[in-house]
Amino acid sequence: MSTTSQKHRDFVGEPMGDKPVMALSGIGDTLGKKLEEQGFDKASVVLGQFLLLKKDTEMFTDWLKDATGANSRQAGSCAQCLKEWCDAFL
Amino acid sequence: DAPPQSKCCKKQQYSNCKTNSLQILSQTWRLKGRNEDPEVTQVPDPSKLTDECLKAALLKHGVKAGPIVASTRALYEKKLRKLLLHSNGDGELNGAEKAELYSDSEEEQEEEEEPDEESVSEEEQQKPKETKKIQSENNKAELKFHRGDFSYQQCFLLSSRLRAVPSRNGKPCSKRHSKNVLKSSERSQSSCSQILAGISKPSATGQHSGLRSAVPPASKTMVSNDCSSVSSKTFSITQMVQEMESRSAVSDCTVEELNSSSVGGHCSRSYRFDMNDLDKSRSTDQSLYYTPKDVHPSCGMKLPQEKVKNILKEALPETKTTTTRIYATPRRPIKGAAQRPIQYSLPHTLVSPVTLERREVERRLVSIHIQILFFVFVACIIFFIYVNVQDSTVLALLDSLSHCFDKEGGTLLLPETEDTQALYEQD
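Listed in order, the protein sequences are those of chains A and B. The UniProt record's numbering applies: residue 1 is where the first sequence begins, and numbers increase by one. The UniProt record's numbering applies: residue 1 is where the second sequence begins, and numbers increase by one.
Read the hints as simulated data drawn from the structure, not as lab findings. Note that the structure is a prediction, hence the values are computed from the model and not measured. Built from N, CA and C at the ideal position, the CB exists for glycine as well. Be careful, since some hints might not be right.
Ranges between beta-carbon positions, derived for each pair [what the hints assert, rightly or not]:
{"hint": "1", "chain 1": "A", "residue 1": "Thr4", "chain 2": "B", "residue 2": "Val361", "range": "30 to 36 Å"}
{"hint": "2", "chain 1": "A", "residue 1": "Leu90", "chain 2": "B", "residue 2": "Leu85", "range": "32 to 38 Å"}
{"hint": "3", "chain 1": "A", "residue 1": "Gly39", "chain 2": "B", "residue 2": "Arg325", "range": "39 to 45 Å"}
{"hint": "4", "chain 1": "A", "residue 1": "Ser44", "chain 2": "B", "residue 2": "Ser47", "range": "26 to 32 Å"}
Calculated cross-link-like contacts (lysine-lysine; reagent style PhoX-like; alpha-carbon spacing at most 25 Å) [claimed, not checked]:
{"hint": "5", "chain 1": "B", "residue 1": "Lys64", "chain 2": "A", "residue 2": "Lys65"}
{"hint": "6", "chain 1": "A", "residue 1": "Lys55", "chain 2": "B", "residue 2": "Lys79"}
{"hint": "7", "chain 1": "B", "residue 1": "Lys82", "chain 2": "A", "residue 2": "Lys55"}
{"hint": "8", "chain 1": "B", "residue 1": "Lys48", "chain 2": "A", "residue 2": "Lys54"}
{"hint": "9", "chain 1": "A", "residue 1": "Lys33", "chain 2": "B", "residue 2": "Lys48"}
{"hint": "10", "chain 1": "B", "residue 1": "Lys79", "chain 2": "B", "residue 2": "Lys64"}
{"hint": "11", "chain 1": "A", "residue 1": "Lys34", "chain 2": "B", "residue 2": "Lys78"}
{"hint": "12", "chain 1": "B", "residue 1": "Lys82", "chain 2": "A", "residue 2": "Lys65"}
{"hint": "13", "chain 1": "B", "residue 1": "Lys78", "chain 2": "A", "residue 2": "Lys83"}
{"hint": "14", "chain 1": "B", "residue 1": "Lys79", "chain 2": "B", "residue 2": "Lys48"}
{"hint": "15", "chain 1": "B", "residue 1": "Lys60", "chain 2": "A", "residue 2": "Lys55"}
{"hint": "16", "chain 1": "A", "residue 1": "Lys34", "chain 2": "A", "residue 2": "Lys19"}
{"hint": "17", "chain 1": "A", "residue 1": "Lys34", "chain 2": "A", "residue 2": "Lys55"}
{"hint": "18", "chain 1": "A", "residue 1": "Lys65", "chain 2": "B", "residue 2": "Lys78"}
Extracted from the complex, chain B is given alone in its bound form (with noise of 0.2 Å):
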């Protein structure tokens, strides 16, 4: 199966590549059950390949291999295996491998009802047929989140019927818009889809109608919002997380007020956590505070933020006992970690931690000061005690003591006896 391989121009390898493959490919294809022309298709199995067909295999994948040798070889057959699954499955992006798959909504693929995150995301432009797909999808959408699959399409999925909103509508700013915010939306998509899907993974389980109201309105937020950063996207999220934990049944009402006010307040519609706001947004028609400083004053910002501060009262000593084990930490006011009392990083003094070693061991000690005065106390006790006893036996005992010491330094002692003497013979 091998061909000669050292001269052969790398076209020519793959043309060899492929006449030994296509042997293979029936095998292959008949097992993955299509019967499709064998010569659509690329080389599929890697480990029959060698390496010079590997190596051309991958780079039709786009992919730079290295040297293949025996170490790397087994490496580079499993990524041209992930990359003709990834070819092969038009779509079926189970990881995060390529985000330009995530972000590609340009692209108009095809209209398979396959469930597929990104093919949703690229049905987005079409809007015609989107009514239909949406209720489909969104069908799907749910039954896949009540599986508590990666909810990614959830994200994409009230943003297509939003999308399909103003179309209706016809408003020239909205067309815009939309466009625009396909396209800002699609950089920030993978992460707010990331963000969702972390965020509904955990809660699929539990507050389902919860999350399918609370998911509307921030995918329908964040499509709204051309502008939008990724705070006032993570702010959205984490409304939406005290959402989710404040109110277990959000009714699907508000999904419908939601779809009837979007005719309206399409651009700029913000995130409400009650109804009343939400009348009030779509009779205002302007968004309240996703960006502040776009927000016109009249609109009566401050009511949105003081009930924000207030659920946020609300939602944030709710947060731990939720089951989300979603935290909003960008909201959360700073109260270090876990309710622990704020540590500085830096302690106030700073020392040297041989300073900090000898400020203990002086600490133990007994100081200096003390030492020294114990030591004249002492001595000055032994001193009057010479002075005083008259004893002959301590006079002996100098005397011996003297004799002792003679060998080592006598010239000292010499004249302190005298002077004991002297003193001796005084009294």
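Extracted from the complex, chain A is given alone in its bound form (with noise of 0.2 Å):
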């Protein structure tokens, strides 16, 4: 089993819904504030960004780099989330 958190587990398992941004995988409540101000205050506008991005995993963690100065190991594994939630539910 690969390695992943129990976060990433109830995130990827379900409809994210109405999720906060702070339920993403890797998304603590610094990172998660940070995204807030920037006007992404759901999970699914993260979604549109990756989305956006074309499911690039690399772009996003980029992105998400740039936009919030999270580190390699959060980003990525936010990128992984997203990608797992849209292989399971898009």
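Need the complex rebuilt from these two chains, each delivered in its own frame; the hints are there to steer you.
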């Protein structure tokens, strides 16, 4: 089994609905606040950004790092989380 | 600066972009210190471009960009900048972005003496000039190595040297071999280079000479094995690591020996720890233990294996004390990580946590049998007390008790009291 966190599994296991940005894997309080400041107040909006980048995890990681100052691990985790969600539900 | 874009076709847009950017071009190119023909280059400054132009430019570099909106624009600009750097640098690659460039040894690119890792691999095709280049590159590589840079070139250095050698001999098999090797090593070069880089980087500060001598054999063997699998490569690298640890200063004579010995046993030169083995291998002209299946039994397969084992045993206890911080994980005896006792993934008894809890509770509490026994024992004691005590106070107590209990369940007590009375009367 891959090393996914509980948060990851919780997110990927069901439609995200109206979950906040903090529910994303890799996004904690600090990063969540930064995203909300930029207007990404819900996980779905971040998903929108991910889709805009054509579901490219690399680009999304870069974007997240630039936008919030996330480190590689956090950004990668978030990208992976979204990718899997898309694979499951999109 | 923004031309109308809605109706232009892509080409027109691009030409518009170009014309717009020519002005910018001169500025940026001046900054870069080049006086090249403006028409040669692409649009340099991504931030001045329109969305359409940016998209076209990215497409030119082979990147299919998504919609360029406010949030994605910065990202695509950055990407374009990176791409421009790459295309302008002519192979100045720092990151591992384009793997094909590493593995692309088919192209005969410029023979510039630019100290580029990839250009070295591309130059391998040019055999006549190899020897000179090799030496110069070798020096450069060594310098680089000492500086502690990524030593991708180390991987290719002596591979090129090796290819030059067999070509000198003019043996057809070697030529074929080298080509095959090139192709086969394409894929693995990136991995091996990364591995080598990883190995060389930490040890760059340390054992320079040891690595230098260790790297050539490793690269040599990697090159010479046309059918070398990844496992054999890792094997060689682990051996290399062990070599580094066990020998601090394998001298240049090994390198020279390798050079001289490569004449004979090019195709299947194997990695040797000792000088003796090198001599043997030179004489036998056979690979010994890279791919054991290919090995001829006559060439003393067992010997090197034994030596390998010995060296492994020597080296492995040493691995913990090395500075390289590299663990030869594929070859480590299975002792469990970090000398911990072997832990099986699953516990022997597959029990649910509920049963475990129950067991815990049961362990703590007194067992049921003992409880029942105790209860019976106490009941007997009380019974005997009732029976034996002849005091009237007891009876009075009993009466009082019975009065108390009358309200609740008197019927039960009545026969009891009658019994006790009967017993009492008996006494």
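Hints and how they fare:
Between Thr4 (chain A) and Val361 (chain B), the C-beta spacing of about 34 Å keeps the proposed range 30 to 36 Å intact. Checked against the hint of 32 to 38 Å, the pair Leu90 (chain A) and Leu85 (chain B) passes, with Cβ atoms roughly 34 Å apart. Between Gly39 (chain A) and Arg325 (chain B) the Cβ separation comes to about 44 Å, which falls inside the hinted range of 39 to 45 Å. Hint check: Ser44 (chain A) to Ser47 (chain B), Cβ distance near 30 Å, so the stated range 26 to 32 Å holds.
Of the supplied pair hints, the one linking Lys64 (chain B) and Lys65 (chain A) holds, its CA atoms being roughly 21 Å apart against a limit of 25 Å. Taking the CA atoms of Lys55 (chain A) and Lys79 (chain B), the gap is near 16 Å; set against the 25 Å cutoff, the hint holds. In summary, the hint linking Lys82 (chain B) to Lys55 (chain A) is supported, as the alpha carbons are separated by about 20 Å, within the 25 Å threshold. Distance restraint check for Lys48 (chain B) and Lys54 (chain A): the Cα-Cα separation of roughly 24 Å lies within the 25 Å cut-off, and the hinted pair is therefore satisfied.
Restraint check: the Cα-Cα separation between Lys33 (chain A) and Lys48 (chain B) comes to about 31 Å, which exceeds 25 Å; the hinted pair is violated. This hinted pair checks out: Lys79 (chain B) and Lys64 (chain B) have alpha carbons roughly 11 Å apart, not beyond 25 Å. Restraint check: the Cα-Cα separation between Lys34 (chain A) and Lys78 (chain B) comes to about 21 Å, which is no more than 25 Å; the hinted pair holds. This hinted pair checks out: Lys82 (chain B) and Lys65 (chain A) have alpha carbons roughly 16 Å apart, not beyond 25 Å.
Taking the CA atoms of Lys78 (chain B) and Lys83 (chain A), the gap is near 23 Å; set against the 25 Å cutoff, the hint holds. The straight-line distance between the Cα atoms of Lys79 (chain B) and Lys48 (chain B) is roughly 14 Å, inside the 25 Å bound, and the hint therefore holds. Taking the CA atoms of Lys60 (chain B) and Lys55 (chain A), the gap is near 21 Å; set against the 25 Å cutoff, the hint holds. Of the supplied pair hints, the one linking Lys34 (chain A) and Lys19 (chain A) holds, its CA atoms being roughly 16 Å apart against a limit of 25 Å.
Taking the CA atoms of Lys34 (chain A) and Lys55 (chain A), the gap is near 22 Å; set against the 25 Å cutoff, the hint holds. The suggested pairing of Lys65 (chain A) with Lys78 (chain B) holds, with an alpha-carbon distance near 13 Å, which does not exceed 25 Å.
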